[in-house]
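**Student:** Starting from the known structure of chain A, fit chains B, C and D with the ligands onto it as the hints suggest.
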Amino acid sequence: MKNTKTFRREPLTDSQLLMTIAICIFLVMYVGAMLIFKGGFLRANQIFDILNDNAPLIIVSCGLTIVMIGGGIDISVGAVTSLVVMACALFLNNGGNVYLSMLLAIGIGLGFGLVQGFLISYLDIQPFIVTLAGMFFARGMTTILSVDPQKVNIDPIHNLFETIHRGALVNTSIDPQTFNTSTENLTELVRDGKMTFFEAIKNMNFRTLLEGKIKIDWLGYTAPNGNRIPASMEYGVVIALLCVVVIFLLLKFHKLGRGFYALGGNQTSALMLGINVKRTRFLSYVICGLLSGISGYVFLLHTGAGNATNAVGMEMNAIAASIIGGTLLSGGVGNVVGTFFGVMILNTIKKIVVTSGLNAPWWQSVTTGGMLCFFIILQSVVIFIRSKVRRSRISKK
Amino acid sequence: MADHALLEMRHINKLFPGVKALSDVDFTLRKGEIHALMGENGAGKSTLIKVLTGVYQNDGGEIRVEGKNISIRSPQDAQNNGISTVYQEITLCPNLTVAENMFIGREKDVFVHNRRREKRANELLGELGIPARGSQMLGNCSLAVQQMVAIARAVDMNCKVLILDEPTSSLDDKEVNVLFGLMRDLKARGVGIIFVTHFLEQVYEVCDRITVLRNGELVGEYLTEELPQVQLVAKMIGKDLDEISSFGEVEEKEFSDADIFYEAKKLSSSDALPFDFEIHKGEVNGFTGLLGSGRSESVRAIFGADKVNGGTVKINGKHVKITKPIDAMKNGIGYLAEDRKRDGIIADLSVRENIILALQVMKGFFKPISRSESEAFADEYIKVLNIKTASRETPIGSLSGGNQQKVILARWLLTHPDYLILDEPTRGIDVGTKLEIQKLVLKLAEDGVAVTFISSEIEEMLRTCSRLIVMRDRRIVGELKGSDLNQAQVMKTIAGGES
Amino acid sequence: MKNNFKNIFKNGLGQLTIPIIAILLLVIFNLIRDPSFFRITIEIDNAGNRVLAGNLISIINAASELAILAMGMTLVTAASGGQDISVGAAAAIAGSAFVKVLKSGGNINGLIVLLAFVVAVIVAMCFGAFNGTLVSIFKIQPMIATLILFTCGRSIAYWINGGATPTVDSSIVKAIGGFIPGCPIPTPVLIVIAMAIIFKLVFHFTSLELFTQSVGINGSAAKLNGINSTWIKLLSFIILGACVAVAGCIGVSRLGLINHETLLIDIEMDTILAVAIGGNSLGGGKFKMAGSIIGAYVIHILTVTLYAMKVPSTDVKAYKAIVIIILVVIGSPVIKKWFAKTAARIKNKKASAPMKGAQ
Amino acid sequence: NGGKAPAGGGTSGTPAPAPAASGTIKVGVVNNPPSESGYREANVKDMEAVFSPENGYELKTAYSLKNDEQLQAAQGFITEGVDYLLISAAETTGWDEVLKNAQEAGIKVYLFDRMIDVDESLYEAAVVSDMSAEGDTAVQWLLDQNLPEYNVVHIQGAMGSDAQIGRTGALDAQFASGKMNKVVQQTATWDEAEAKKIVESVINSGEEFNVIYAENDGMAKGAVAALDEHGIKHGVDGDVIVMGFDCNKWALRELLAGNWNYDGQCSPFQAQIISDLIQGKTTASSKKIINEEKGFDAKTITQDDIDTYGLGE
Ligand SMILES: Nc1ncnc2c1ncn2[C@@H]1O[C@H](COP(=O)(O)OP(=O)(O)OP(=O)(O)O)[C@@H](O)[C@H]1O
Ligand SMILES: Nc1ncnc2c1ncn2[C@@H]1O[C@H](COP(=O)(O)OP(=O)(O)OP(=O)(O)O)[C@@H](O)[C@H]1O
Ligand SMILES: [Mg+2]
Ligand SMILES: [Mg+2]
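Residue numbers (the numbering used here), protein chains in the order written: chain A, 1 to 397; chain B, 1 to 499; chain C, 1 to 359; chain D, 1 to 313.
With the rest of the complex left out, here is chain A (with noise of 0.2 angstroms):
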């Protein structure tokens, strides 16, 4: 009987350690940023800021999250973004629909997840083959529709179904004449209770969604202007921290979620455990697909538009966020709240980095590149001792 001892809670995993530890030293680094460099990181504002200029890379990490548990890669997933911006870009500037743009940002991501999931898991081909083309051809789509940038046109004679959806207006107590669609206005009807939240969604256009804010003027600061600039977070980051949401209940708690860390932890196992494998690992890529898709139209969002040269090399920060919240590319092991403060410490690197003013341009590059070495040496190590340590409490028993 010698495990029976019973602990009252079982020791961490590894990944949830180092998700704690990728925890800690984002709360060390930043509060240390805050008494070294003050300036922006005393401000709320500088959280939001990140998580406003993250937002897609968020999503984006959560689905390779969830690849990487399945023990998979996509190494696609900043050149679909990037054809979304392009395509749901080009289809707004030729009179597209706000929602019909939605329903192209996510046609389009799930197509990659379906295709390459298909390939990969019931074809038995090498992820990272599959991925790769599927960069190279999202990459190339994106030039092949435009080289030239793509700004939106967000002036409102263009879209064609705002006016439609004047009509909409109608219902509510506003007058459809006087009526502009620009964020403030919705947010002041809101406010004022003269509109209902789900009224301003039906009245929505490109513009609202674009120029969008959740205000907290509260946290904000004093600008030197005298001018009050509130915290604002873009409708990106909600839906980011929706992702986030979403997917750590799936993994944490649905059957599927469950299964992408058998398959992952043995694939052989997971399919003697009686887990239909080819069908799980086809549904990771296809998340993994449609969070790229979703990933898109936030970075459209956040840019108001289609450039060929956008989210290049997202994949790789994907990646290293994902590892420094603690998923292992082995697969098997990982956690996706991990993964969104691995994004969080990447851009506070990158913070740092700029407000310490090393202005010689090599350096910026060279410490942000050490500051990851160290970070990834600290996990390794921290790995290492700990399962010394295990060993050692074996032996003393």
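Simulated from the structure, these hints should not be mistaken for laboratory data.
Hints should not be assumed to be uniformly reliable.
Below are the SDA-like pairs computed for lysine to any residue, each with C-alpha atoms no more than 20 angstroms apart in a straight line [as the list claims (entries may be wrong)]: (1) B:Lys330 <-> B:Gly282; (2) C:Lys336 <-> A:Tyr122; (3) D:Lys249 <-> C:Ser170.
Computed far set for chain D versus chain C, every beta-carbon distance over 12 angstroms [to be verified]: (4) Val50; (5) Glu120; (6) Ser121; (7) Pro148; (8) Gly169; (9) Asp172; (10) Glu229; (11) Phe269.
Residues from chain C that face chain B, not an exhaustive set, calculated with beta carbons under 7 angstroms [what the hints assert, rightly or not]: (12) Leu56; (13) Ser207; (14) Ser214; (15) Ile217; (16) Asn218; (17) Gly219; (18) Ser220; (19) Asn225; (20) Gly226; (21) Ile227; (22) Thr230; (23) Gly285; (24) Lys286.
Predicted, not measured: the structure shown is a model, and the values here were computed from it.
For glycine and all other residues, C-beta sits at the position ideal for the given N, C-alpha and C.
**Tutor:** Just chains B, C and D with the ligands, lined up with the frame of chain A:
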């Protein structure tokens, strides 16, 4: 007969590249019986089972459950048809908890109720006396516990057919008895059980019927009471056991201190507590003890497989330092590890490459063994050890478990060690081969090789070893030789003062 | 030799089937598209040498860096089960070191070029060792370990250069990147052949192949058999470092200019692709270097074909992707099995048809 | 370390003119990395020299070639509270939001080197090279050569960048009017080796051409390497006219040696102009301030020109 047949397999064929693993095999399982599936290593037992459970697709033949023709495409199909399985190699996910491993893949609920699951798991584990908690990571459990968890999982399914492929190879007697109790319970409830093992006594203890396979072909189906052990063996290996089992008593050899080949004082490693140990040239000794008593850890320390923490080692009277496997190998020590899958085979490499590996390492990086030489070595040992493989270039991963073991054995024999450590070399090995290996050990000893032999079967050790070291709770608690070497005495020492 | 042929007939080309089929398909496609595509001519270049010219030469020549990197990457993949994504950045560093040494002296003579090359190799090996240390000792996954150098490698190269795009003007350097006077074959091609021979010899005279595969397939078993897997992994990265240096120097020599930002840009993905097209598992273990080399040429035939078809170079990637997918689908185990099955069925039908007729 | 002086309680209505007399002026620069090209290196050095502590500035820079990273850096400078934001954008789009935020926070924005696609009201001034003027000058020079026929191999820079769009525009107009023939138009994304491959494939296809119009020096060099290998004469008295941009010193030397024919200048020196604007020494007459730039002909270039206008070593 067909009306109370629970499961019928007819004309089952299975072809692997280069091997006909099953040809036209019939198998029938009735309600409420325990049916042993017997055969030499590589006879096709595991393959038959994998066909039945949908891991492999059959290349012809049909499967009927309760008279209905069914097609089984995947383990999931098998589960849905009431067939639950414990595979030969442990097939659970080390990165999931014990509870998850027990329930994943067969719950209807879309959402997982961890609490409920763990509670249920803990109850079951308690019932079966498995020392694990539901919330524990499976990877942190010992091999034996993992095996028991796999059994618990299979048993808990409300199955009609339960398949156990060598479940007992890493269990000790107590656990085996628990398992047998369970099997009898299930049998009483009308479950049909297929049981694969190489332990003949176990067959006679619980089984009602025996089906024998040889070389992928059906030899026949027999009632246990009508088939004496000797005949069973003869049917399995195609000749009488007597022909091969003709070896006498272990001779009493006297060893002088001058003959000491290896001597360790206060040797300890990251996993083993300090211990003293010595072995003479030409001596066969054994480590025995309960599961987890630290036998493997001790010999791993000798070989330098784990990080060595302290102690002095003398070989042939000279002080040497052994901290890494290569040190040990250079000093003439060979070690056949107990976990073949993890520490033994290089799955994708050919049988030939697997055989020459250790020798190559000893020769060094810059002196590769030529192709023709290595082919000669491989052919020689395939013949000597009667390894069943399509060719010497077959990847070792596709060999049957027992044959993989033989390849690894060949690897170490090829290095012509002065001291060979065999940790459970007979695990998963058929009776015939077991005897061959025992004979081989004795022959090695005759040639002056020191051998340490570890086995869970005490009889086997009594047959081969002239000295037994007994371990309990990771400490050496006794040493038996001469007239003390008998089952009762060993059991008593293992159990310790309490008995 | 005879045995080899027999084996090929019996077992097919094994792992090499797909890359070879790919090359054949691309060649046939090009011959149909434009019969003169593979015409080889002899021209006199501006330095007055008689040299070979034509698409085929361009392809073989331009694929040199990729082929060399693919060789090293194959080893790293096999040993560590992961890929080095910093090869492009490391090549930029090596190239910069090469140019730095060349420019440090006054006159560029053979000795200085050799010295510069040796320095470049040493520098690249050091960076390889850095990556290798992270992977083998700190047990960091290769892609992440090399992400560090990937992030900052080109900046280090910038620092070495101390400025943008230095140029070197030397006939020797030109010869390395172009043609040796009197030899009509492009020098980079000769270097690839030399590298391939070196690897062949290394495999013949050491147990590198066996050890690397063992470590890649089952590290823990390899360790118990006395293989120093840490060292083997490290070694593979160091060897890749040497390959990187060679590729970097060729890249620099082609134009006599080092632009650390564009030198061998994006080559890491192509290199990994070459390894994969060559039929090697990216999860490590068994490997065939010949496959990776052929893979490199497949990629370049594809690129050159697309250029010759005037596909905009931004769009080339999309078409490349389609071809790659077609290739891997043909090569996928499932499709292969399906082919084998249908072939057998057709055979059976043929065999049984006359029998039916007889009845 | 002074400078960061958010006005205390700050709710008082009137916005204070940011720089005023309060010690150092904080400037945040979002630029492309200097490793991008010789042009950029000179540009970065110029920035560092002008916005130095001696001149009363505190300089912070962020380098990236990626649109999203640049946006992030700019937003970072805004939150940190710089006084001036200077931007050389890798991409022309996506800037509206950030610039609005800057305006809100009272941070003045100057664009340099490259234009972006936003409303004029969002920035103080743009000190830029007129890329399409560069293209026009170059194409005009080419027309002046009075070749009987123009068969042009056109090697473009990274698609979507201001430089590419400007330099391509002029040539595209000629293609459209039929005065010149487009043999091939490919982007090599500023990559020399890629340029070489493109020219090589043209040569191998056997198509005739007599002009190589490369949108920067590096790509021109790559193209020339391909010509050399195939024994095609180029430069003054050659069969093929070679044109490049940026005026790296080594490129001008090629011109002087007669290996190339034309190199268009692109002035990287905008820092002083901006500094003068910031300190009120000059005022901008219009929002767009264009750098004077010229083109060099191999026949007329002198060593003096190289020393004065050449970039790099
Ligand atoms: N995946 C495979 N590929 C090729 N051959 C295989 C494969 N699996 C099994 N074989 C071959 O099929 C034969 C039967 O193997 P099987 O594992 O069924 O034997 P077994 O009776 O279970 O033996 P053991 O007692 O050693 O477990 C062996 O010769 C083996 O080499
Ligand atoms: N408390 C424990 N917690 C986790 N693992 C343990 C614990 N105690 C022992 N182990 C592991 O269980 C395994 C079984 O121990 P060991 O290998 O020493 O047993 P053994 O005597 O060799 O028996 P066998 O070879 O039959 O398994 C070892 O790997 C050991 O590290
Ligand atoms: Mg078996
Ligand atoms: Mg053991």
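**Student:** Of all the hints given earlier, name the ones this structure violates by number, lowest first.
**Tutor:** 10, 12, 17, 22
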